[in-house]
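Colleague: The primary structure of each chain is shown beneath.
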Amino acid sequence: MTVALAVRGATKRFGAVLALDNVDLEVHSGEVLALLGDNGAGKSTLIKCISGVHRLDAGEIEIGGAPVTLSSPAAARAHGIETVYQDLALFDNLDPAANFYAGREHAGPKWLPRPLRVLRRQAMQHATTEVLDRLQVTLPDGAANVGLMSGGQRQVIAVARAAAFASKVVILDEPTAALGVRESRRVLDLILRLRSEGHAVIVISHAMDHVTEVADRAMVMRRGRVVGEEIPSPESQGRIVALIVGSASEFADLPHNRTSPHGPTTV
Amino acid sequence: MPVVAQPEPIVAPADHPSAGGDGRYRMLRAALQVIRLGPVLILAGLIIAMWRLSPVFLTTGNAGNVLSQSAAIAVLAVGQLLVILTRGIDLSVGSTIALSSVVGAIVFQRGADGFVVVAVMLAVGAAVGFVNGGFYVWGRLPHPFIITLATLSAARGLALQLSGGQPKRGVTSAVRTVGGGSVSWIPYSAFLMLGVALVVAIMLKRLVWGRWIYATGGNAEAARRTGVPVKSVLISVYALCGLLAGVAAIITSGRLNAGSPTSGNLAELDSIAAVIIGGASFLGGRGTVVNALVGAFMIGVIRNGMNLLNVNAFLQPIVIGAVIVLAVETDVIRARLEERFRVRQAELS
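Chains as they are written, first to last, in the numbering used here: chain A, 84 to 350; chain B, 621 to 969.
Hints listed in this document are in silico derivations from the structure and should not be mistaken for laboratory results.
Any given hint could be a false lead.
Sample of chain B residues at the chain A side, in silico, Cβ under 10 Å [as the list claims (entries may be wrong)]: (1) M823; (2) K825; (3) R844; (4) T846.
Beta-carbon label-pair distances, calculated as ranges [what the hints assert, rightly or not]: (5) L946(B) x A226(A): 27 to 37 Å; (6) V803(B) x S154(A): 53 to 63 Å; (7) S279(A) x V819(B): 45 to 55 Å; (8) S279(A) x F765(B): 46 to 56 Å; (9) A226(A) x V910(B): 16 to 26 Å; (10) L769(B) x G148(A): 54 to 64 Å; (11) A226(A) x I766(B): 37 to 47 Å; (12) R306(A) x I766(B): 42 to 52 Å; (13) S279(A) x I953(B): 38 to 48 Å; (14) F811(B) x G263(A): 49 to 59 Å.
Even for Gly, the Cβ is constructed at its ideal location relative to N, Cα and C.
Input sequences plus hints: build the corresponding full structure.
Modeller: Below you can see the structure in the form of structure tokens.
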């Protein structure tokens, strides 16, 4: 498996707070990596650095083996990294195709300034339908505004949009947090499809069952550091939770239990 | 490699015709469609009612009157629509009409030819709009209400100052034709209004710029994140709204054959009312040029009809006020129905 994304020695400070402390992360194509940790553990800061919202104070990010500078969300997207935040960033007043292509519309002719180009609506509609079909997402009415769709459908659209444009990595922040059982099911199925299509997927989640189900690896952070890595399974759930909450005399903080970035360690 | 699970296809709720549930789903959907068509139906109803009540209403003479009275409001409403689509508001368009009219008349009196007068009038409108947009965006104001309130005051004051408080008689022939002339019974201003509406409608529906406006109004933060140049979009919208106020100034001063500093008084409220009555959402992101036109004509027909029927003139603003409340309430109901629709979909899935 090729390494789609590698982060080495990532460090980020906000004033006196050390949000990321020498964090290493690797995710392979066709792999789902769960990023776990309690609130304030540094998960969000880490994905914001990967998706270009924040810049690292130290450390580097490699995409497909080449070091890159991700100075803005646009730069991250240009490198094939798409992020779905919890707020989904959908346009309720637009249909799925318009949502997919907002800000990157297909339009021409090229000699006109961008705002005055004519939308290629058919092309965008077809491409959107194609992606949704490929990901086996069917919507009640593909032409309806996203605002008329249920929470699960909206989440599926946001994830599918990310998948459509991400050539390397899809990052999902709490994709099942606000969903019921069946709607979560759809999103999890979609994550599995992204994996089988060869995307590298990073999922932040608090739902241990969902992590166990879809993630190939789970990386646990606490207080800005990586404190352990596990292969999620019903058996390892207890250990993962222990890593997250840092119970049992903080054993995970001891240096010999820090994981190497090159493979999972069992604590 | 992990074993790839074979997930079930994600099936849409509407594809399951589950007993009972589907009926309610369809009902909600139908209700939403009626609401969307509501303003057009109401306008059609008004016209039919007036045609029944007054023999004069559908004569060519009166129809021409309604058209020429509504043209300026309609043009303003199209500009206001653009602003409201981005969740904004422009209170300054009425005063902009006055300023543009007065400056146009002054330039004409100094001997400028028609083309220059028209260009200056449009430029004054666009400039006021640009000031609005510029302060709103670069001044990082939380809402455009205040800055456009400021220009409402300032532009009116400037118009009064420049004109010495008196209407400046005489306008260039091109302006007079547009404002007062007609082809058979159809006033030129109606053609101008239709042209403006058509151009803006095409820009909104077919161009990247239009898509950006809807995206900005739907979710400005998401638009910014996905790379829509939200600031430029906002400035362009206010500038264009001002430009259209300049067009309305041409129509208004042509009708008066003068540049008056009192022109366009309260026209901003008519334009906002037209957009809302026509069915666009005050919350941004929803609405079309057709909504703006329908709203403008509803106001025009109500005023004209009540005149024809000899209804007390003081009743007109009350009726229009009631229609505004009705329209806004309908928008609220629409939002509630959409919420129910979403819940229903989640339940059905």
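Colleague: If a hint holds in the structure, say so; if it does not, say that too.
Modeller: Here is what the structure says about each hint:
Interface hint at M823(B): satisfied, since its Cβ lies 8 Å from the closest Cβ of chain A, which is below the 10 Å cut-off. Annotation: interface hint on K825(B) holds; nearest CB of chain A at approximately 8 Å, less than 10 Å. Annotation: interface hint on R844(B) holds; nearest CB of chain A at approximately 9 Å, less than 10 Å. Hint status for T846(B) relative to chain A: holds, with the closest Cβ pair at about 3 Å, below 10 Å.
At roughly 29 Å, the beta carbons of L946(B) and A226(A) sit within the given window of 27 to 37 Å. At roughly 58 Å, the beta carbons of V803(B) and S154(A) sit within the given window of 53 to 63 Å. Judged by the Cβ atoms, the range 45 to 55 Å given for S279(A) and V819(B) holds: they are separated by roughly 48 Å. Separation of S279(A) from F765(B) is about 51 Å and conforms to the stated range, judged on CB atoms against 46 to 56 Å.
For A226(A) and V910(B), the hinted distance range of 16 to 26 Å is satisfied, since their beta carbons lie about 18 Å from each other. Separated by about 57 Å at the C-beta atoms, L769(B) and G148(A) satisfy the suggested range of 54 to 64 Å. For A226(A) and I766(B), the Cβ-Cβ distance of about 39 Å falls inside the hinted range of 37 to 47 Å, so the restraint holds. Checked against the given bound of 42 to 52 Å, the beta carbons of R306(A) and I766(B), roughly 44 Å apart, stay inside it.
Take S279(A) and I953(B): their Cβ atoms lie about 44 Å apart, and the range 38 to 48 Å holds. Checking the proposed 49 to 59 Å range against F811(B) and G263(A) shows it holds: the Cβ atoms sit about 55 Å from each other.
Taken one by one, the earlier hints all hold for this structure without exception.
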